[in-house]
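Residues per chain are reported as follows:
Protein chains: 2
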Amino acid sequence: MKAFYGDLRVGILGGGQLGRMLIQQAINYNVSIRVLDPDADAPCKNLCDDFTQGSLTDFETVYNFGKKQDLITIEIEKVNVDALEKLEQEGILIYPQPRVIRLIQDKGLQKEFFKQNDIPTAPFQLIENRATLKKSALKFPYIQKLRRDGYDGKGVHKVVSEADYSTAFDKPSIVEEWIDFEKEIAVIVARNDSGELKSFPVVEMEFNPEANLVEFLISPSTLPADIQLEAENLAAKIADQLKIVGLLAVEMFLTKDGKILINELAPRPHNSGHQSIEGNYVSQFEQHLRAIFDLPLGDTRCISNAVMINLLGEKGFEGLADYEGLNDILKMDGVYVHLYGKKFTKPFRKMGHVTIIDNDRQLAIEKARKVQETVKVKV
Amino acid sequence: MKAFYGDLRVGILGGGQLGRMLIQQAINYNVSIRVLDPDADAPCKNLCDDFTQGSLTDFETVYNFGKKQDLITIEIEKVNVDALEKLEQEGILIYPQPRVIRLIQDKGLQKEFFKQNDIPTAPFQLIENRATLKKSALKFPYIQKLRRDGYDGKGVHKVVSEADYSTAFDKPSIVEEWIDFEKEIAVIVARNDSGELKSFPVVEMEFNPEANLVEFLISPSTLPADIQLEAENLAAKIADQLKIVGLLAVEMFLTKDGKILINELAPRPHNSGHQSIEGNYVSQFEQHLRAIFDLPLGDTRCISNAVMINLLGEKGFEGLADYEGLNDILKMDGVYVHLYGKKFTKPFRKMGHVTIIDNDRQLAIEKARKVQETVKVKV
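First to last, the protein sequences are chains R and C.
Per the UniProt record's numbering, the first sequence starts with residue 1, numbered consecutively.
Per the UniProt record's numbering, the second sequence starts with residue 1, numbered consecutively.
No wet-lab data here; the hints were simulated from the structure.
25 Å max Cα-Cα, derived SDA-like pairs, lysine to any residue:
#1 C/68 <-> R/50
#2 R/145 <-> R/162
#3 R/343 <-> C/70
#4 C/135 <-> C/165
#5 C/331 <-> R/236
#6 R/45 <-> C/51
#7 R/78 <-> R/344
#8 R/45 <-> C/32
#9 C/154 <-> C/378
#10 R/331 <-> C/236
#11 C/350 <-> R/9
#12 C/45 <-> R/71
#13 R/315 <-> C/7
#14 C/376 <-> R/7
#15 C/45 <-> R/53
Isolated chain R (complex conformation) (with noise of 0.2 Å):
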């Protein structure tokens, strides 16, 4: 392995805002960084070493790409597996795995997986397609969610009586019991090649129930210690199960008898883990680089307390974005714009985070909401 000399192609599958703040940190570390993406605007597209505009499903596509490289790492599940299978049998370096993205893409090997291991999950069952979603045995209300594809809480499918089966999805999805729960909670953590593994500290997301998208989340988690180390436990019980190599999101349901359920997994840099730019010593970035390159793992521990929100394209507009209100909120202190790079915004694109730093945590909390009030992503 040889990070930090700059001869070292690593490429990226996938090119939008999880792969342009996996390169800010890159830089530091010399590692000169490829792209694989289907959008010619994508946000890393002028930050690369090399960017190639192409599908990230297409096997031909994905290996070719893939033979221009020492080392490929994903920022995005959804891609051609096979390519990278193949890739891997010839030597090149692939992390994660292209075995823990297999298992990742599929929902319901994922819950199987977790089945079979002992990880407490939702009760579920794999059904086929709609027919079947009408025979599954499931009480009111549950979920159905497509076994593929499903992301940013698209591919979620609310089933609360008979009148909804029309609207059901009509591929294969798992179906889950509906879980009444007290907080959505995650662990982001990290695995090297060595076997080194260390997670991050528990934090807390409150989802923007419209677009089922994480719309503020707050670090560290105030949870008792009990629960949270038995979250930073259970994460690394499933990365050490997995062999993975590289970061591992751990989405999880704290219910409201005290119990964790472990919702779902994403093999990479993830939504729950921004603020650790600026809220821990280390950042799910820097972290992930780390483990893909063998490093020694970096210091999870929090710095302040952070809370983190997305900047989501304001319904009803559509087209060239405008940033209104970003001039006052810089005002405030302890206030850091992460954009994103992306020309045109739609109602819930992800355009861009904030991260308030506070050493006082409900005055984080509150900043954030002035910075929610005050940031509108607008044409």
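Given the coordinates of chain R, work out where chain C should sit on it, guided by the hints.
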């Protein structure tokens, strides 16, 4: 001013490590950066939207590059100011302003500016050449500094006795009294076009006696509060008198009898502010961007004790750079590596820096010494 929109064309004169770290920060603000640098392998080359290889001191080259920008900034003073003045007259924003760059380019003009504005500085004389040096009335030992083009300790000659005349520079210079100082300190101050002005806390520097480069920087200073306040006020006074827009790094001597003397100025991000990336709420790079885009200036307070060391090319090694010991220092908590993307090392070349953060100042210093002993840039 259309910061945040990605369609503001910002040009940097110079594509070295300062430009590189500026770009890392500019990514957060969607600012698209174009770079002019004579080196085809400049550290910024693959990170900017558009790279032009060309001379920074040639009128036509700078003018033609500049015509394509909306705003120009610098990461090195040795640029063609005539071209910048013409561009400024034609309506392009140039920050820092050409008149400020012209003044600071010439250590003689700098010294006269200090004198005219009652800014304490070491007594000096302006001389034309080696012959006038011999006639100067200063007592041995004294210092000869070239008026132009000195940097990183180059262009400085110590005159201890008549024997040193023969090796003195035969060019317009300043000669100034040898200051037997207690400490070298620095303050970076920022000023935006609205006139808002903010100083970073005082830092203390230790120089490599052989290379005359900053080797070891400690933030914040532990000097008495009144001395620190005086240093910050002096820096602010100079920035205000210059009406500079952007950063101004002010290097100072603290004499053994507790007086502050201004040594020299740099109108740009500076080596004495690198620790601000992790050590302060706002980094010097973000502050420079805020200043030139006339945004509210950020919070300059320290987050933690920080010690910065430059990674200089090891004496006796020249060629493709190899970084010894980096893996070892990454095992230590609070250690941040910044490599500059330079392929080739040579003795004392600035290849990167490392910042060490620790709430315990003494521990930070000890870790920094450990880092210094461990990391070697060889071939």
